[in-house]
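Asker: Protein chains in written order, with the numbering used here: chain C, 1 to 178; chain P, 179 to 566; chain G, 567 to 866.
It cannot be assumed that every hint is accurate.
Unchecked claim - If we take Cβ atoms under 7 Å as the criterion, some of the chain G residues that face chain P in the derived model are:
1) S604
2) I606
3) D609
4) V612
5) F625
6) D631
7) A634
8) R639
9) A642
10) M643
11) G646
12) K655
13) A830
14) L831
15) V844
16) P845
To be verified - A few chain C residues that don't get close to chain P, going by computed Cβ distances all over 10 Å:
17) R25
18) V28
19) P38
20) E66
21) A77
22) Q84
23) P95
24) P102
25) G115
26) L125
27) P143
28) H172
29) C176
Worth flagging that the hints you see were computed from the coordinates, not collected in a lab. Every residue gets a Cβ at the ideal spot worked out from N, C-alpha and C, and that includes glycine.
The primary structure of each chain is shown beneath.
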Amino acid sequence: MFRHEVLISGFGGQGVAVAGRILGRSAVAAGLQATMLPSHGTETRGGYVRSQVVIADDDIDSPLVEKPDIFCALSQAAYTRFAQSAAQGVVLYDPETVATGPAPAARSTAVPARGIALESAGTALAANIVMLGVVLRRLNLFPADYAEQALRELMPRHAESNIRALRAGCAHCPHCAG
Amino acid sequence: MKTYFDTGNAAMVEAAVIAGCGLFSGYPITPATEIAEHMSRRLPPAGGLYIQAEDETAALHICIGGALGGLKAMTATSGPGYVLYADPYGWAISAEVPLVIVNAQRVGPVSGITGAPGQGEFYLSRYPTHGGNFETIVLAPNSVQEAFTMTVEAFALAERFRTPVTVLADQLVTDGYASFAVPENEEELRALGLQVVPRRAHPGPDFYPACADIDIPPVVLGRGTGAACSDWTPTEEGYDTEDTVEQMRHARRLIYKIRAHRELVDRYDAYGLENDPDIVLVSYGSPSRVVLGAVKEARRQGLSAGCIRLQSLWPFQDELFRRKADYLVVELNADGQLAREVERAARYPVHFMGACGELPSTAELVRAIRRLERGEALPQSTDEREIR
Amino acid sequence: MDHLAERYLRPRKIPGTACSGCGLGQVHKKILLAVEQSGIGTDDLVWGTGIGCSGRQTFNTWKGDNFAGTHGRVYAMAVGLRAALPEEKKILLTVGDGDAFGIGLSHLLHCARRNVGMTVIVADNFGYQSTGGQYGYTTPQGFVTDSSPYGTHEPGWLQGGADILDILKSAGATFLARYSSFEGQKAVAGIKKALDNKGFSLVHCIYPCVTHFGAVGLNSRDNGEIVRWFEELFSAKNRSGRGPHLTSGITHDARGTRPEFAAALKARTREIREGRHVPACSNPYLKNSQGGAEGRHVQA
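Required output: the full structure, derived from the provided sequences and hints.
Answerer: Given below as structure tokens:
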């Protein structure tokens with residue numbers, strides 16, 4: 001029996017909700033249970049949005065992410081607000097947008113997601129999907145093919161570039177420190 | 179079965195399509211707008227009509243009109259729209275019109291915080307209109323799968339009882355994503371314990387009979403039955419009357435058709451009650467998900483706790499609170515609505531833990547259970563003048 | 567009224583409970599004459615009513631099917647009913663001035679905007695008479711009522727350059743007319759055309775209330791006096807200046823110029839069902855799928 005909690009948070013428009021949905025959807029497609037709570041409107045206006053994803057091999061009681069195993073901090077505001085909750089997990093952040101400070105709140109791993117996204121997908125907009133690739137490898141629960149399928153279904157017009165971003169994220173993962 | 183990964187909103191819409199919803203009318207409001215959006219996309223391909231109303235009062239009246247014309251109808255809103263339903267809700271209760279009403283509760287009062295979950299309409303769903311002299315049927319899902327099943331059930335109960343049924347959800351249930359199974363045929367539908375009750379039309383002339391029976395077809399207009407339905411106290415044939423004896427007969431039918439068939443409505447789910455735990459947590463809707471996790475954690479830590487989760491809210495299931503225990507009611511409000519009702523039903527101490535717009539954490543709940551087990555009061559209830 | 571009553575009215579509702587001298591019966595009779603002359607049978611028309619004298623007095627008088635809405639809401643109910651009923655079934659609503667032009671005006675205007683197939687007869691007695699005689703939205707300015715003992719202080723929908731029928735015309739109504747209960751075949755012919763319209767028709771029929779409006783507003787219960795005042799309203803030389811200047815007859819006839827709401831909705835729904843329209847969404851990230859819940863099958 002396992003339960004993994006993933007928190008993705010950043011500004012509106014960074015694809016926080018989409019990343020959460022693709023993660024949850026691919027987990028379900030792989031035969032697991034998943035829940036995803038997207039942020040509510042208040043949070044959107046508060047400068048950060050949130051996807052709380054829980055993946056388990058059995059029924060999920062609470063869909064709340066209280067102690068994330070993985071926290072993708074896509075903005076400084078998100079990092080400041082949630083890094084402490086991931087003290088027992090790992091924080092993925094892009095050093096281009098997030099400064100962890102001298103005493104990081106948790107095990108923090110730099111992922112140059114914007115750069116990888118530009119290189120692989122031709123747009124920094126795919127940084128969320130690069131992060132998702134890293135998350136998938138870190139979780140190591142199911143093959144990334146399921147996420148590729150989810151990308152094709154949910155983003156049919158931009159599937160190919162996003163799949164390139166996903167693969168680049170997966171490929172980058174072994175190089176992540178921490 | 180087909181399995182989807184989607185929101186409670188989408189699940190309710192799939193349920194409505196399966197239940198044979200022929201008309202949806204609503205008015206945009208966060209966080210229920212997505213139900214209307216899904217309906218506008220999903221209903222027409224299934225042959226159903228989507229009508230965006232000029233306000234919530236019109237929305238539910240349009241649903242009533244559709245139902246009177248023989249269509250199964252549904253609307254969805256949140257608190258600020260649910261109060262505007264008061265007028266048509268009463269009409270539909272009194273004239274016995276089957277309808278399904280979804281309320282995705284958000285934190286209030288009034289507009290409150292638009293997208294944050296709340297549970298402020300527990301009592302309003304019991305008394306959604308003025309005048310008294312009625313019972314209501316209210317179901318409360320706590321997951322995406324239940325958002326699906328309870329919406330199908332709401333359609334069936336509405337038909338059988340000839341009354342509006344509220345599905346009292348909250349923003350986390352409606353906006354949250356999870357996988358849910360959708361039956362693809364009759365057999366799979368039955369496997370989920372569900373049924374689809376077709377719309378029938380009352381042949382008359384006793385459209386409002388003096389009995390507590392259910393499964394009486396509702397009034398349908400335009401079928402040449404000479405039907406009459408109104409907001410006035412009806413005679414059995416639907417004439418408006420000012421006879422107080424007829425008023426009593428009508429009131430008793432509205433009350434007892436539901437009270438006499440509670441077994442068809444009552445639903446709950448319990449965990450860890452087998453060894454008579456000291457502390458029983460009580461909740462409904464999304465808080466119950468955290469409560470269940472917290473009770474499991476508390477038991478792992480050796481605490482004596484169990485929980486009851488109400489799946490149907492009204493009529494209230496008093497008999498669930500007869501066992502000796504300290505009850506801890508957990509709600510997404512600060513005034514304690516379910517807590518007040520449990521206090522009425524239970525003969526033992528009832529404690530309350532409220533939250534506004536955000537679910538309590540597992541740790542907070544376990545702490546509360548521990549305090550109660552030690553016989554200590556909860557911090558919230560020690561000094562009520564302390565606002566912060 | 568005898569042969570009309572026999573054919574169309576429920577015996578249990580005759581006689582009605584209207585005050586002696588009330589003009590509503592005359593409006594009711596004109597409607598039934600128009601119904602008869604249109605060849606409409608009891609099964610062809612569903613009759614709805616509002617709240618107030620006009621609604622309550624006519625509720626369930628019709629031998630066919632009947633419904634009554636709460637105050638001002640019967641128009642919204644009729645929208646849903648229109649959508650559910652077959653096109654050939656007619657919907658007729660008898661309502662009062664408070665119901666239509668006050669509490670229900672928003673719904674009424676939206677019915678006109680959508681051109682929902684219904685015939686609304688506003689039987690107007692110049693205020694709230696069933697609650698004892700308070701002023702309404704057609705009560706002439708300056709008139710004394712039980713809630714305006716010093717004379718009404720606000721403008722209504724019939725004076726000061728306003729005409730409620732103009733507003734309804736701008737909103738999209740496809741047939742509008744105005745009569746008084748003292749007019750005969752002319753009013754019946756107007757109501758017939760209203761019933762013939764496939765879209766939204768409204769006929770404004772003013773009628774006298776002797777008990778309240780007459781007694782308090784006109785300071786007379788005398789029928790002769792009240793009739794003279796009504797005639798003055800429609801007269802070119804309205805010398806007394808008491809009340810609005812009104813014109814009787816059809817004020818707007820645009821039958822057949824706009825699609826009827828429910829027919830169009832059903833045709834559109836049918837086309838969507840046949841796969842002739844694909845949903846277009848501005849945000850493919852959020853709403854891409856054409857299937858049911860998001861995407862289709864994610865798991866067999």
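Asker: A separate judgement is required for each hint: does it hold in the structure or not?
Answerer: Verification of the hints:
For G:S604, the suggested interface contact is broken, since its CB lies about 18 Å from the closest CB of chain P, more than 7 Å. A cut of 7 Å between beta carbons decides the hint on G:I606: the least distance to chain P is about 13 Å, and the hint is violated. For G:D609, the interface hint holds, the least distance from its beta-carbon to any beta-carbon of chain P being 4 Å, beneath 7 Å. Taken as an interface hint, G:V612 checks out: its beta carbon lies about 5 Å from the nearest beta carbon of chain P, inside 7 Å.
At about 6 Å, the closest approach between the beta carbon of G:F625 and any beta carbon in chain P falls short of 7 Å, and the interface hint on this residue holds. With a least beta-carbon distance of about 4 Å to chain P, the hint placing G:D631 at the interface is held under the 7 Å criterion. Here the hint on G:A634 is kept, as its CB sits about 4 Å from the closest CB of chain P, short of 7 Å. Interface hint at G:R639: satisfied, since its Cβ lies 5 Å from the closest Cβ of chain P, which is below the 7 Å cut-off.
Hint status for G:A642 relative to chain P: holds, with the closest Cβ pair at about 4 Å, below 7 Å. Interface hint at G:M643: satisfied, since its Cβ lies 4 Å from the closest Cβ of chain P, which is below the 7 Å cut-off. Evaluation of the G:G646 hint against chain P yields a held restraint, the C-beta minimum of about 3 Å falling below 7 Å. With 7 Å as the threshold, the beta carbon of G:K655 comes within range of chain P, its nearest partner Cβ sitting at about 5 Å, so the hint holds.
Checking G:A830 against chain P: minimum C-beta separation of about 11 Å lies over 7 Å; hint violated. Against a cut-off of 7 Å between C-beta atoms, the interface hint on G:L831 holds, since the closest Cβ of chain P lies about 6 Å away. Interface restraint check: G:V844 against chain P, minimum CB-CB distance 10 Å, threshold 7 Å, status violated. Below 7 Å, beta-carbon pairs count as interface contacts, and G:P845 has one with chain P at about 5 Å; its hint therefore holds.
Taking the minimum C-beta to C-beta distance to chain P, about 4 Å, the non-interface status of C:R25 is violated against the 10 Å cut. Residue placement check: C:V28 does not keep its beta carbon more than 10 Å from all beta carbons of chain P (closest about 4 Å). Not every CB of chain P lies more than 10 Å from the CB of C:P38, the least distance being 6 Å, so the non-interface label is violated. Listed as a non-interface residue, C:E66 fails to keep its Cβ farther than 10 Å from every Cβ of chain P; the least gap is roughly 6 Å.
Taking the minimum C-beta to C-beta distance to chain P, about 18 Å, the non-interface status of C:A77 holds against the 10 Å cut. Distance to chain P confirms C:Q84 as a non-interface residue, since its nearest Cβ pair spans about 13 Å, more than 10 Å. With 10 Å as the threshold on Cβ separation, the claim that C:P95 sits away from chain P holds: the shortest Cβ distance comes to roughly 30 Å. Interface exclusion of C:P102 from chain P stands, the closest Cβ pair being 28 Å apart, more than 10 Å.
With a cut of 10 Å on Cβ distances, C:G115 stays outside the contact zone with chain P, its closest approach being about 30 Å. Every Cβ of chain P is farther than 10 Å from the Cβ of C:L125; the closest lies at roughly 22 Å, confirming the non-interface assignment. Look at C:P143: its CB is around 17 Å from the nearest CB on chain P, clear of 10 Å, so calling it non-interface holds up. With a least beta-carbon separation of about 26 Å from chain P, C:H172 lies farther than 10 Å from that chain, consistent with its non-interface assignment.
Every C-beta of chain P lies more than 10 Å from that of C:C176, the closest at about 27 Å, which supports listing it as non-interface.
In this structure, the earlier hints numbered 1, 2, 13, 15, 17, 18, 19, 20 are contradicted, and the remaining ones agree with it.
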